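Novice: Chains as they are written, first to last, in my numbering: chain A, 420 to 769; chain V, 420 to 769.
Just so you know, not all the hints are guaranteed correct.
One copy or two, it doesn't matter: identical chains are merged, so the pair holds either way.
[What the hints assert, rightly or not] Straight-line Cα separation of at most 25 Å, PhoX-like style, residue types lysine-lysine; simulated pairs:
#, residue 1, residue 2
1, LYS732, LYS474
2, LYS619, LYS585
3, LYS557, LYS474
4, LYS466, LYS447
5, LYS557, LYS448
6, LYS648, LYS747
Bear in mind the hints are in silico, worked out from the structure with no lab data behind them.
These numbers come from a predicted model, not from an experiment.
Chain by chain, the residues:
There are 2 protein chains.
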Amino acid sequence: MEKRLSVNLQGGRHSDVYFSSSFDDLLKKTEEWGDNVFWVFDENSAKLLFSLPEKRIVLESGEIHKNISSLEAIISSALESGAARDTRFIAFGGGVILDMCALASSLYMRGARLTLIPTTLLSMVDATLGGKSAIDYKGGKNLVGTFYPADEILIEVSTLSTLPDKEFRCGMGEVIKHAFLSSSTELFGFLEANKDAIEKRDRSTLETLVLMSLEVKKEFLEKDPLETKGIRSFLNLGHTFAHALESMEGYSVSHGEAVAWGLGRAIEASSGLGLVSQSFSTSSLNLLRSYGYDVDYRIGKDQWEAFLQAMRKDKKKSNGVVNFVLLKGFGEPLLMPLEDDFVSSLTVSP
Amino acid sequence: MEKRLSVNLQGGRHSDVYFSSSFDDLLKKTEEWGDNVFWVFDENSAKLLFSLPEKRIVLESGEIHKNISSLEAIISSALESGAARDTRFIAFGGGVILDMCALASSLYMRGARLTLIPTTLLSMVDATLGGKSAIDYKGGKNLVGTFYPADEILIEVSTLSTLPDKEFRCGMGEVIKHAFLSSSTELFGFLEANKDAIEKRDRSTLETLVLMSLEVKKEFLEKDPLETKGIRSFLNLGHTFAHALESMEGYSVSHGEAVAWGLGRAIEASSGLGLVSQSFSTSSLNLLRSYGYDVDYRIGKDQWEAFLQAMRKDKKKSNGVVNFVLLKGFGEPLLMPLEDDFVSSLTVSP
């Protein structure tokens with residue numbers, strides 16, 4: 420187990436990111452903490468272990484269960500297991516489990532310890548770092564949550580070897596987003612050059628990919644840990660479009676697919692406004708397409724009103740106006756409102 | 420409206436405490452924020468206003484409603500009112516309302532703005548400063564909560580003029596606690612010298628009382644905003660006993676009465692262990708008695724097991740052992756475990 424990254428977050432808290440050399444190496448690390456732990460799994464992630472620890476809860480899988488009932492189930496179960504404030508909540512699973520366990524841990528006696536073990540690519544590069552915990556609420560994605568950085572994030576990329584292709588592409592959406600947000604073109608180049616090794620899930624290629632992606636995220640987080648300065652919200656590139664799509668479709672679209680689609684929309688918007696060149700837009704959309712994303716998808720005319728309503732629930736509002744993250748180039752995001760007609764031209768089938 | 424105190428808390432956040440010169444002065448301050456607000460009242464506090472603001476929720480009064488249903492009601496109602504992340508949640512009421520509104524505000528889109536307007540003495544000196552938000556959960560008092568400092572705390576002591584005596588004595592319990600925790604004997608002396616003016620609710624006497632009390636609290640908070648260093652937990656002097664009593668009695672005992680009783684127990688424990696002199700103990704207990712507290716109350720023998728179980732749920736546990744805050748003298752708290760037999764000798768009727 421090797422510490423590869425340390426990220427300073429709010430109030431002097433920091434998250435350490437460890438990469439393990441094998442699944443056994445990962446488990447050995449968690450055994451160091453003895454019995455004062457409480458594990459949170461979902462049905463899928465629980466299958467990755469031969470035997471489950473005693474103090475645990477196994478929740479049903481899926482975004483639909485990212486709700487207040489599951490949150491209560493975690494807290495109640497932790498309480499029954501005798502958890503105290505110094506107990507370590509260990510989330511083992513994808514983003515839904517990580518977000519919910521982090522929220523439960525942040526609320527439990529006003530904050531227990533927290534370790535995240537992401538088992539999907541999306542959660543490795545997205546849900547782990549930055550301390551965003553959440554559940555969905557009344558149609559609002561991640562509407563209820565806290566900022567609560569994990570003490571440790573443990574990454575074991577072999578958990579990705581059995582990940583369905585669809586799930587893997589989900590995570591790649593966020594990785595590509597990080598490539599656009601990086602001021603260096605290194606990650607973009609890595610993605611163009613290593614597509615085969617990535618899709619074959621080559622262990623060391625994936626480790627590099629995850630680490631590079633987290634390094635980009637770290638840059639934005641440390642400048643704006645509580646999302647109060649407008650810097651951290653740049654990490655939402657593509658997400659206003661994506662969340663509206665997810666919300667409108669009743670969450671049937673996977674987050675990563677929605678993000679990739681949203682990235683496409685944000686790049687087209689940036690290009691349409693002359694912020695980036697046509698060639699930047701073309702190569703960016705082509706990278707997304709090469710990884711299998713349907714960036715050319717458009718919603719139906721009859722869905723526009725629902726899409727607009729969903730978009731207006733976006734958290735990046737100030738004085739009632741929704742702001743979109745656009746790009747002026749690699750690592751040059753900016754925040755601005757867009758006219759409804761312009762958004763419609765980018766999202767609705769003609 | 421005058422800013423009288425500013426307290427630095429975690430992550431560079433700070434709470435400003437304002438004292439208003441009249442009820443009108445208070446309302447004028449809140450009008451500055453325009454329409455981007457969401458008010459939280461309970462049935463009692465709502466009566467203090469001639470007309471209620473449009474964007475509001477009025478919850479039922481009482482600790483029994485400090486639960487997850489009320490929390491959900493606040494969040495849902497805020498959502499319906501169109502609240503965004505930059506909306507200011509304004510809590511107007513006693514500790515229950517303040518704690519719940521603070522929790523809702525901390526969770527809403529991962530943190531909306533927060534103003535606390537305490538209308539009881541207890542909430543002025545206890546629930547406002549320090550960022551502790553909470554609801555009760557499954558018999559555990561304040562088991563679910565966050566650290567989330569209010570942006571502003573507005574104090575208008577005329578709200579105390581109609582406060583029932585019982586409620587007023589509740590708040591005095593915490594004030595007296597602060598007198599014990601202050602390294603100066605100024606507050607203790609003020610309480611001995613101004614009992615009549617305090618009980619007559621003289622406006623300027625109460626302002627001094629509240630301000631002095633908050634100044635003591637500020638000292639502990641700034642040294643340990645997240646209660647990680649053991650310093651802030653000194654503010655729980657008397658509370659391990661108090662919470663167990665409250666929990667055991669199904670919350671029928673008021674918080675302040677329970678705290679005063681707990682203070683008595685903590686002082687007797689300190690005296691029993693030779694940490695403070697007999698005369699310190701006598702004058703301290705006499706001050707509590709002079710303000711009408713039943714510090715000589717003892718639980719029945721048949722209640723001991725329930726009391727012990729309730730005490731073991733205390734949050735100030737490390738490695739499974741409950742720690743009590745005791746005193747070595749004014750402003751000299753310390754944290755230590757106590758034997759069950761010793762606790763029983765202090766709490767159970769012989």
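Novice: Run every hint past the structure and note whether it holds.
Specialist: Here's how the hints hold up against the structure:
1. LYS732 <-> LYS474: Result: close only across copies, 18 Å inter versus 38 Å intra.
2. LYS619 <-> LYS585: Only inside one copy: LYS619 and LYS585 sit 14 Å apart there, 71 Å across copies, limit 25 Å.
3. LYS557 <-> LYS474: Answer is between; shortest inter-copy Cα gap is 19 Å, intra-copy 31 Å.
4. LYS466 <-> LYS447: Only inside one copy: LYS466 and LYS447 sit 18 Å apart there, 59 Å across copies, limit 25 Å.
5. LYS557 <-> LYS448: Classified as neither; 38 Å inside a copy, 33 Å across copies.
6. LYS648 <-> LYS747: The answer is within: 19 Å in one copy meets 25 Å, while 45 Å across copies does not.
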